[in-house]
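Protein chains in written order, with my numbering: chain A, 1 to 246; chain B, 1 to 380; chain C, 1 to 299; chain D, 1 to 198.
Take the hints with a grain of salt, since some may be wrong.
Dumping the calculated DSS-like pairs for lysine-lysine here, alpha-carbon to alpha-carbon at most 30 Å [said to hold, decoys possible]:
hint : chain 1 : residue 1 : chain 2 : residue 2
1    : C       : K218      : C       : K30
2    : D       : K133      : A       : K129
3    : A       : K163      : C       : K57
Hint data in this document are derived by calculation from the structure and do not stem from the laboratory.
Each chain, letter by letter, is given below.
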Amino acid sequence: MSTLKNIPVVSHEKPSGGTGNLLANVFDELMAFCRSRSLFMLHYCTGCGAIELPPAMTSRFDMERLGIQPMVTPRQADILLVTGYVSTKTLKRIILTYEQMNSPKYVIGICSCTVNGGMYWQSYATAKKLNDYLPVDMYIAGCMPRPEAVIHGLRELMENIKKGESDNWRDYYRRYDHYLGNQQRLFGENWQTPTDIIGEARHYDLMGPETLGPHTALLEQHQTPLKPFEMTLGLADLPVRKDEPR
Amino acid sequence: MRPENYQSVNHPPSNEFELFFGPNHPGIEGNYALKVRVNGDEVTSARADGGYLHRGFEKLMEGRLWIQNIALVPRICVPDPVPMEVCYSLAIEELGGIEVPERAQWIRVMQLELSRIAAHLFTFGGHAATTGMYTPMFWGIADRDLILDLFEELSGGRVYHIFNIPGGVRRDLPPGYLDRVSKTLDYIESRLPDYDNLLFTNKVFVHRATGVGVLNQEQALEWAVTGPNLRATGLDFDVRRDDPYLVYDQIEFDVPVEQAGDAWARALVRRSELKESLRILRQVVAKLPSVGGPIRAPIPNPLAWNLPAGDVYTRVESSKGELAYYVVSNGGDKPYRVHVRGPSAMHAVQVLENLVTGARIEDVAQIMFSLDACPPEVDR
Amino acid sequence: MNMIELLTELAVMPLIAFTIGLFMVLMMRKIAAKIQRRVGPPLLQPLYDIVKLYAKKTQNSHGLVHDIGIIMAVGGYIAAETMLPVPGMNGIAAKSGLLALAYVIMIPSLGLALGVGQCANPNGSIGIARALTAMLAYDVPFVIIIFGASWFYGSNNLIDIVAHQQAGGIATWGAAKMPVLAIAALFSMYAMLGKQPFEIYVAPAEIATGPMVEMGGKYLGGLFVMQCFQLFTASAIYVTMFLGGGENWPFFLVKLFAIIAIPMSMAFVFPRYRTEDVLAVVWRWPVLLGLAGVWLVMH
Amino acid sequence: MKLSPTSNLSASLEFLLQEISGLRSQWKSPRRLRVDLQAETLPALIELLKGRAGFVHLSAISCVDWPAQNEFELVYHLWSYEVKVLVMAHIRIPRDPGIYLSIYDLYRPAAFFERDIHEMFGLFFEGSPDMGKFILTEWDGPPPMRKEFDGEAWVMNQFDWQDYQPGWLKDIEAKGGGITTRPEDVRRDKPKPWDEQS
Chain A
1 MSTLKNIPVV SHEKPSGGTG NLLANVFDEL MAFCRSRSLF MLHYCTGCGA IELPPAMTSR
61 FDMERLGIQP MVTPRQADIL LVTGYVSTKT LKRIILTYEQ MNSPKYVIGI CSCTVNGGMY
121 WQSYATAKKL NDYLPVDMYI AGCMPRPEAV IHGLRELMEN IKKGESDNWR DYYRRYDHYL
181 GNQQRLFGEN WQTPTDIIGE ARHYDLMGPE TLGPHTALLE QHQTPLKPFE MTLGLADLPV
241 RKDEPR
Chain B
1 MRPENYQSVN HPPSNEFELF FGPNHPGIEG NYALKVRVNG DEVTSARADG GYLHRGFEKL
61 MEGRLWIQNI ALVPRICVPD PVPMEVCYSL AIEELGGIEV PERAQWIRVM QLELSRIAAH
121 LFTFGGHAAT TGMYTPMFWG IADRDLILDL FEELSGGRVY HIFNIPGGVR RDLPPGYLDR
181 VSKTLDYIES RLPDYDNLLF TNKVFVHRAT GVGVLNQEQA LEWAVTGPNL RATGLDFDVR
241 RDDPYLVYDQ IEFDVPVEQA GDAWARALVR RSELKESLRI LRQVVAKLPS VGGPIRAPIP
301 NPLAWNLPAG DVYTRVESSK GELAYYVVSN GGDKPYRVHV RGPSAMHAVQ VLENLVTGAR
361 IEDVAQIMFS LDACPPEVDR
Chain C
1 MNMIELLTEL AVMPLIAFTI GLFMVLMMRK IAAKIQRRVG PPLLQPLYDI VKLYAKKTQN
61 SHGLVHDIGI IMAVGGYIAA ETMLPVPGMN GIAAKSGLLA LAYVIMIPSL GLALGVGQCA
121 NPNGSIGIAR ALTAMLAYDV PFVIIIFGAS WFYGSNNLID IVAHQQAGGI ATWGAAKMPV
181 LAIAALFSMY AMLGKQPFEI YVAPAEIATG PMVEMGGKYL GGLFVMQCFQ LFTASAIYVT
241 MFLGGGENWP FFLVKLFAII AIPMSMAFVF PRYRTEDVLA VVWRWPVLLG LAGVWLVMH
Chain D
1 MKLSPTSNLS ASLEFLLQEI SGLRSQWKSP RRLRVDLQAE TLPALIELLK GRAGFVHLSA
61 ISCVDWPAQN EFELVYHLWS YEVKVLVMAH IRIPRDPGIY LSIYDLYRPA AFFERDIHEM
121 FGLFFEGSPD MGKFILTEWD GPPPMRKEFD GEAWVMNQFD WQDYQPGWLK DIEAKGGGIT
181 TRPEDVRRDK PKPWDEQS
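Model the full structure from these sequences, guided by the hints.
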């Protein structure tokens, strides 16, 4: 288990630093503390590692005593737990999920498979390195990591949040072009998500030197405007069970 | 605070709408999806959507040695991994003509039943949680952890044991292990009345589960339903008894059967199976000290092991149903083809789609969990 | 009462209610933890959660009504707190009454319905439909109980009701004078809190937390604040109507927490009902008990 | 004629199977009967087994790719709850054009297996209710389970996961690789650690 040192994080000044306003600093510290002590996690059971989360959450290891509790929808969550190998099909959903979450948000890759593909390194169906597609804050390696390891990893994340070090979510905005490029490479050129990351980056003043680039230009080129959600999924021709003899 | 690109979405007026259950939804077991079309509160059609857990196991296995695949197979069903190892080992042993020593067979039975108890304890909690009762989940998973502790002592792994290898098991039991197994069994048995009080006699739960997802015997046979779900429809069939493998023919146990075929009957069958598994384990614990001999048949160097050409179909009873492996060898050191027939491949696709259609929204999750479908078996 | 004093009370009463509500949330989670054989959250966990949610940096708004809905949800309860007399402070309780209170505590549900409706998430819509159905269920016995209690006390004014009960100690408490109505009210309050088995609208496995499905960040924070208020309000109404109100703070707090502990300790061993079962149960037992209680009160 | 689980079970089952021409049967174990037959006679066999011997349970349909013979082998595993025997019916069909008949009208579960085989091998089943994609919805390559599809090469081409080069790995590689004893170097007559009996 280690914090990610090899991800090239673009250096950026701490937003609270240098203001000189003591009250603002105290306020920021308080918010960082509360953020670290209250983590709502969205555990996307992408793979095997999901089986060690129920023990970590329930009576024996009880994450709630650390302020960590499971949440159901991405809007409510702070941490995206990616628990295991990510197949290409799942990865698309993970990215959609991640982009729906509210910042500050953190990604934890559990199991070796999220680090480098693990034992499925030669599988045609799984994506290998999660940090190519999402800004990962913490990897918890193991096949699968024990509940103790999961909790230890979460505690380290809490420490990082408290110190204000764990803010890779800014990295997603600042280096969106890099992440989008990797996503496009895997999913095809016309890959697009319903969330407008560039617009959000502009709105919240999170633009970085690599937010825009060749891949976002490609996105503009292929982007279809967001449409109202069509109420059809091609289910009309399915047999209706009630008409069939029971 | 609104992003600049925000645009409102206009929905056409309609009685019907579509709901996504999954892939990331507490009402769905694992990473699986169900799209349902709803009219009012009633589901009018449903469509399962799998493949989120697809790793291409069958392709991976063709590229690895016979013995390497032992590490791969338990990943196919995460909550109940031991039957996967045993079934694959049985296939290799049949292909290679290896006779498994009796002691190893008893140890395998012990693992299989421990794993079944663990899987069922996990399932109860999930089933109760879909109806809004979380306490059985907390209790069940905590009690399941004791069994994982036993596995950890035996094999070093809590969830994936990789303890069964072709020819037998990896190591003999640690000293005093059977006492600890007995102690854990005593504890779990003492907890069963608590579960009965909390869940199985809980009026609200009985009310919720009765008449939900009814599957009659004819349908069950038609849709190839197996395992506890089949027994809940009244058919008295168990692979352990009727197509025996290992030493199950020397063990006394009953096959619990219920007639109603609904979610409640399925829960009750699992509850009774818990008791039968405890009974089997007691017999194993009593028998194991008297069974001597080796724990592993001599096998050739596993790194250069060519199995004779042929094919074999082995099946075991996992906690979900009938688990089968079709293994083909062309005389090489790697499998030529492995086909995994997971029990949930049937339950989670066709049976689920059919049971959910006509059900109500609040019962969709309950139907999925009462079928105990395990998505990785579908996707492989 | 001068204006400044009134304004101070109006500001302080919701704050007190919120603080008590935080500890009620904590108690609920601790009770759940004890039943589920685990440790449970630390002391200030509910506060951390709310501060964290309000400290989120990005938001997802679905439009103006979405924002207004949350404001209505929290604001309705803030208004309700100012009408509930607590020891030493009456707020505007003298100017309002039980009926006004009954109307005001419906505002949050309606506000939530508006806000969730704008999210256009089908899960949220189902959830809010269920929440309104549940409101319909528990409001019928609630109105009957209000009627009976007002008849008995001869007043609709909470200050009068409290004074009436505190006149003769425990013997003149509403619960001692009209026990049947008090039991019906407890039942109704249980349904109002929306805990299992009445938790039909926050059903994660069925509709993925219903109304909260699109709520994140400050919106969810608003809902958490609302939950604190809701617990306090439900408990305080009951205590005011049947347990003699607040003669002093220690007693008042004990009564508040004791009342709220009853549904909480029952909730975690039940699954949830189906929607129509909630109607069937709530319209049967508390309504029958309430009618019987009203009959007893009137004779 | 209904079969019953008697001692002359094998004889009566074999008697029944004689109705199919060009069929070879072989008992692999007391409860496993392997049957090889022509592709065109398979529906007749399945109808016979289901209608007259109670083989109501289709356990699985497996597909094996034999590129050398340019053939797909389809194996139908049928189980009877009455006679308690598993029949494995093997047929071979040419890889080109790779079309076969669905048995969905006899066995509902066939829909899942046929869809799966269609996805993984590209073998089309006529009459199957749904040949749409189920697992590989995001995949646009060749059917992955065919032998000519080299998954490893595809992965090497698609991902750059192998840029992980820590120092300790370089040390090992400098000494000649990660595996110190190659499989072919292991002498067969020498006792191995894994041969030890406990």
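A quick look at each hint next to the structure:
Restraint check for C/K218 and C/K30: the C-alpha separation of about 25 Å stays at or below 30 Å, so the hint holds. A threshold of 30 Å between alpha carbons decides the hint, and for D/K133 with A/K129 the separation of about 26 Å falls inside it, so the pair holds. Proximity of A/K163 to C/K57 is assessed by CA-CA distance (about 17 Å); at most 30 Å being required, the pair is judged to hold.
Of the hints listed earlier, there is not a single one the structure fails to meet.
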